[in-house]
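Build out the structure end to end from the sequences listed, making use of the hints.
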Amino acid sequence: MPCVSIVRPLIMLLLSVALPRSAGAHHVVDFVVTSTEPAGGQLLVSYDFTTAVPLSFNFALGETSIYSGTNPGFDTADGDEFFPGTSIPYPIFPPGIPIHVVLVDNDGGRASMKINGVTLAQPGDSALVGTSGALPPGDLHRHPEWQLAVQGPPGTFSEARIAFKVSTTHPEYRDSPVYILTLTNGHLPPPEFAADGLDRASTRCQATAGKAAHAYANQVLSALRRCLDAVQIHRAQQTAGLDPSRAFAVAERRCVGAVDLLARGEAKAAALLRKRCGPDGSADFDDAVIQQHLGLVRCRSEQLIAATYFRARTYLSRFALAGRPLHERFPCVHQTAGEEEGPS
Amino acid sequence: MTARRFVVLLSLVTTLAAAPASGVGEPSHVDMLVGATARSGGALAIHYDFARPVLVTPSVSDSGVTRYTTTQPGFTAVDPQSQTGPGLEPIRDGVPIRVEATAVEADASFKVGTITLDAPGKSAPLGTAPNLHVHGEWRLVLPDGVLAARRISLRLTTTAAGYRPSSEYTFVLTNDPAFSIPTTTTTLPTARDQPLAGTRLALATGKAKTALQLIARDAGLSLDQGDDPRRDGATLRLTLQGPTPSDVRFALPPARWRALPRGRGFRFVGTAASEPVRSLRVQAGRGLVLRAEGSALPLVPPTPPDAIALVLEIGTRRWCLVFSDLARFRPSRRLVAAATPAPSSCPPP
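Here the protein sequences come in this chain order: A and B. Residue 220 in this note's numbering sits at position 220 of the first sequence, and the numbers go up by one each step. Residue 109 in this note's numbering sits at position 109 of the second sequence, and the numbers go up by one each step.
The hints are simulated quantities; they were obtained by calculation from the structure and are not laboratory data. Please note that the accuracy of each hint is not assured.
What the hints assert, rightly or not - Listed next, with one range per pair, are the computed distances between beta-carbon atoms:
| # | chain 1 | residue 1 | chain 2 | residue 2 | range |
| --- | --- | --- | --- | --- | --- |
| 1 | B | S332 | A | G85 | 52 to 58 Å |
| 2 | B | A178 | A | G124 | 28 to 34 Å |
| 3 | B | S332 | A | A195 | 22 to 28 Å |
To be verified - Which bits of chain A does chain B cover? Going by a derived footprint, with three or more residues having C-beta under 8 Å, they are:
| # | region |
| --- | --- |
| 4 | 61–67 |
| 5 | 114–125 |
| 6 | 129–143 |
Note that CB positions come from ideal geometry on N, CA and C, so glycine has one too.
This is the structure in structure tokens:
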């Protein structure tokens with residue numbers, strides 16, 4: 001049936017990216033490089049690309065902080081593995097298929113990967129991952145070094161996306177789709193529980209982390225909501241031909257005031273976390289990790305606001321603080337598609 | 001496409017995809033295998049070719065300094081289903097494993113997750129058996145253009161009952177592709193070494209002395225023309241590895257050796273009270289039998305040793321046995337090691 005040749009690769013493609021990986025073996029954290037057909041077709045990388053890859057501080061390079069990690073790695077499927085959530089086995093490569101990884105984009109140079117001694121730092125850079133069926137170390141199991149370059153000292157939250165595909169010179173296979181992986185330095189590392197009894201310090205630290213994140217996210221959401229609600233009143237008055245000047249003043253006060261409010265909220269959350277999780281607490285997290293995590297909490301909250309209030313970024317840009325447009329203080333309030341069109 | 005037709009197609013797709021694949025499975029990779037010396041207990045251990053240096057490659061250069069890194073080798077637990085490392089048993093499910101630095105030379109470090117092991121005593125979690133699979137970053141920081149090798153020694157630890165820390169393993173990191181670890185530090189077998197299979201080893205500590213009995217029935221034991229202890233004597237070395245290590249050597253003077261009939265081998269008989277080795281028979285095609293006792297022998301340790309190694313040296317020739325599984329153990333009193341295959345190599349001299 002001719003349709004099969006179209007539908008099967010399509011299903012494989014969807015399965016390769018749409019479902020999180022099942023547990024078991026070391027493939028939990030690794031990419032599975034496979035293909036749509038047993039001996040050809042399109043190359044695929046099976047992985048849950050919706051999850052960000054947490055990296056940790058490695059070293060400082062002048063004003064730049066470098067974060068790194070080694071997961072996920074590349075691997076091939078064992079004979080008894082299936083596409084996640086299905087009974088469809090991964091096609092296994094015949095021996096001798098060389099697999100390359102090609103960097104497609106790296107967020108303006110902020111993200112990179114080093115594999116087999118080759119650093120992929122520019123779009124178009126590529127490196128050999130390995131060859132199917134080859135004996136180690138030429139096989140297809142490789143863990144790259146993922147790197148995130150952050151402008152600023154340790155403690156500066158940042159995320160970057162790295163886009164790549166896998167390819168081969170073998171004529172029976174086509175390049176994979178482009179996959180996008182998010183690298184982040186905002187995840188808290190897991191606490192280390194002591195083995196000599198219930199580790200109250202670490203459990204308290206974890207509870208405090210949850211509580212502080214919750215409180216700070218609430219503050220961000222609340223401050224921006226109050227700001228943007230006032231903006232909406234101003235807009236409604238404008239639309240109705242009423243005098244909007246008082247509403248504008250309220251909106252400006254709330255929006256500009258949000259910056260200071262959130263700075264204080266962040267300082268409070270950081271102090272709480274330092275007390276419970278720093279050197280005088282459970283010693284699970286250092287100051288930089290705490291700051292980065294609060295940066296992540298704030299960013300996610302800002303993203304939520306941007307999804308709730310259409311043109312939030314445009315509205316924020318109408319106000320200024322210390323001569324700078326206010327939207328620069330809320331970098332994760334991204335522009336929404338279509339925001340530039342139509343009346344604001 | 002109707003829903004029914006799609007279901008039919010999906011079913012066909014599933015059937016096609018479930019057909020046997022034509023390829024071959026991947027070989028086991030080049031990672032370190034992490035296991036234990038005994039099933040559900042014993043000492044943690046790593047199987048890896050430590051004679052192979054860890055080659056790091058340039059990662060970042062700045063201000064006259066280059067950072068060299070690699071993620072190979074990683075750690076992988078012995079698979080309880082299908083894989084066993086030589087002499088390694090799978091670690092019990094749920095056992096947390098840590099890696100601890102015991103010695104770190106300047107310029108070298110090992111980053112595992114968020115923790116950098118750059119000084120002795122620092123440790124990081126590796127994971128929990130059986131799903132332990134970790135690749136760290138092996139790192140060297142050197143002035144631009146300098147080729148060098150640095151060592152990092154690590155051991156595995158756990159808080160789980162029944163398991164002991166591993167021995168110390170030394171990794172040599174280098175940015176020099178032509179570098180090879182000097183052979184004097186390797187444990188690769190030489191032409192003059194003959195690893196033997198062990199049948200039984202018993203060590204008992206009494207009030208005044210320790211007694212040792214060893215039987216190695218190994219038909220592969222060979223004696224060459226020049227292997228004659230009556231000329232220069234021999235040396236017997238007994239090593240206990242583990243939390244309470246010991247390493248003793250006994251000289252077996254030439255005068256105490258006698259040839260066995262028909263040139264089958266030699267027999268040593270100790271007569272003086274100061275000679276702990278009471279008898280030792282070395283027989284080609286049969287094996288080796290040893291009986292020793294006295295206060296010079298190592299005591300049975302309070303905790304089980306990781307391994308017990310015995311090396312007999314006659315001239316330039318060495319025969320060795322390594323027992324790593326204990327059949328019985330009574331702290332500070334008695335241990336009996338189970339039969340063991342010949343090790344892949346003899347311990348370094």
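Cross-check of the supplied hints:
1. B:S332 with A:G85: 52 to 58 Å: Taking Cβ atoms as reference, S332 (chain B) and G85 (chain A) lie about 55 Å apart, which means the hint holds.
2. B:A178 with A:G124: 28 to 34 Å: holds (31 Å)
3. B:S332 with A:A195: 22 to 28 Å: holds (26 Å)
4. 61–67: Contact hint for the region 61–67 of chain A vs chain B: holds, 3 residues under 8 Å.
5. 114–125: holds (count 3)
6. 129–143: holds (count 11)
In summary, the structure agrees with every hint in the numbered list given earlier.
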